Amino acid sequence: MKYIFALLLCFSLASLQMTQTAHADDGLHARAFVDMLAKQIISILTTKTTATAREAAFADLLDTHANMRRIARFTLGATVRTISDKDFMRFQNLFRQLVVKVYANRLTDYRDETLEILGVQQKGRNFIVASQIIFATGRPPINVDWWVIRKKNGRYSLFDLRVLGIWLAQEQRETFTSVLRNNGSDIEVLLQHLQKQISD
Amino acid sequence: MRVKQYIVMLGAVFILVGCGGAPPIANPDPRDPQERFNRKMFAVHQQIDKFAIRPLAKTYEIIPSSLRRTIRNFFYNVQSPVTFVNDVLQGEKARADTTLTRFLLNSTIGFGGIFDPATSLGHKYHREDFGQTLAVYGVPPLPYSFTPGIGPTPWRDFGGMLIDIAFNPVTYFGVGAVWTVSGLVIQAVDARANADTTLVQIEKTSIDFYASIRSLYYQNRESRIHNGKIDLDALPELDFEE
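Taken in order, these protein sequences are the chains called A and B.
Mapping of the first sequence onto this note's numbering: position 11 corresponds to residue 11, and the numbering continues sequentially without gaps.
Mapping of the second sequence onto this note's numbering: position 19 corresponds to residue 1019, and the numbering continues sequentially without gaps.
Keep in mind the hints are simulated off the structure, nothing from the lab.
Please read these numbers as outputs of a predicted model, since none were measured by experiment.
There could be a bad hint or two in this list.
Stated by the list, open to error - One side of the interface only, derived from the structure: several residues of chain A facing chain B at Cβ under 8 Å:
{"no.": "1", "residue": "Leu28"}
{"no.": "2", "residue": "Phe33"}
{"no.": "3", "residue": "Asp35"}
{"no.": "4", "residue": "Thr82"}
{"no.": "5", "residue": "Ile117"}
{"no.": "6", "residue": "Asn183"}
{"no.": "7", "residue": "Gln197"}
Stated by the list, open to error - Far from chain B, by Cβ distances over 10 Å, these chain A residues were calculated:
{"no.": "8", "residue": "Asp26"}
{"no.": "9", "residue": "Arg106"}
{"no.": "10", "residue": "Thr177"}
{"no.": "11", "residue": "Lys196"}
Note that the Cβ used here is the ideal one computed from N, Cα and C, for glycine as well.
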């Protein structure tokens, strides 16, 4: 009986050790993913000089490294369960265009900066990579946290960004939910708002 | 007497705007049960911002940035006792030490706070208020409210702000109350000037500016309450397929 107990204990410790190693590796991978992503963003900001070129490059970057379907579903809140697939596809398409338009242009102020990664926290397949944008001008650094998800296929994708304490997808979700709440959960109204915002 | 009349008039305008006859929102945000009224207050605030606060902030920006930094340093230092009390009430010993060290350094070799040698020595500035302390003790922010000329003022945070004024020793020196309120106004103008580009961008790109400001306010407060740390257990669950 004692042998069985000792054997079980050994197995438990060994598996715990393996889990910790795997988690540490995951942290390193998530960190490397964010580092790669930041370098690509800075490259776009420095090499793409027109808004159209920047937006096209950002769209490619998002399609490759962010799970836009997952983000779009999150930003719709509970409404996502009540709308048709067709409406969701229309929403996802408009949402992607909005994200590209808004953030490709908002980020232009950060072209000469560097990103320093400070650490990684993990919960299951979710990783929060803490970083700081260091300004060449001597302006105080800005904290940016990257919410990265390890997919079932082992690849990493960006889910959300937290700038100065604000989660961007969360902010979009609260804004979209508010529009829906104020318009009888009518998805058409939200789609019209998005369309108008993109066209402006 | 004139001030009193203005206050009464302003109150009357708010009440009239609030009683516009429109029905309440059928399904308001649970944090914002008076959303329809608050949206009207927000609209009033936008007019005040357009014609008074933003022009004031733009005028303030004419002052050289080094002088603005000096003014900011001074008021940060004046507020240190309030931050210190709240650090202590929140049981944040290390942060209370930092606040006390900053106050001693900046009040002496920083010439009464106009310079900030403490930051160069590794003692970074942070701010705590009584609203955050109440949050640490579990007091919820509900309900959300919006006060024209001030901004988002959930009852917990608005009450906290009044208690902070009472806690500030400066309030009790000479014309202290006027001094404290003037300090708050200058800091608000300074903050408005700094946030101008961001606010313009958000207004331009948001499909519901009121909801965006509410979200930014709550998220920013949550971040401050947790001193910028992320609680992984508090992150929303992503309960859908990849």
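Each hint tested on the structure:
1. Leu28: violated (18 Å)
2. Phe33: violated (16 Å)
3. Asp35: Since chain B brings no Cβ nearer than about 19 Å to Asp35 of chain A, farther than 8 Å, the hint is violated.
4. Thr82: Check failed: Cβ of Thr82 of chain A comes no nearer than 13 Å to chain B, outside 8 Å.
5. Ile117: violated (15 Å)
6. Asn183: Given a least distance of 10 Å, the restraint on Asn183 of chain A is violated.
7. Gln197: holds (5 Å)
8. Asp26: holds (14 Å)
9. Arg106: violated (6 Å)
10. Thr177: violated (8 Å)
11. Lys196: violated (8 Å)
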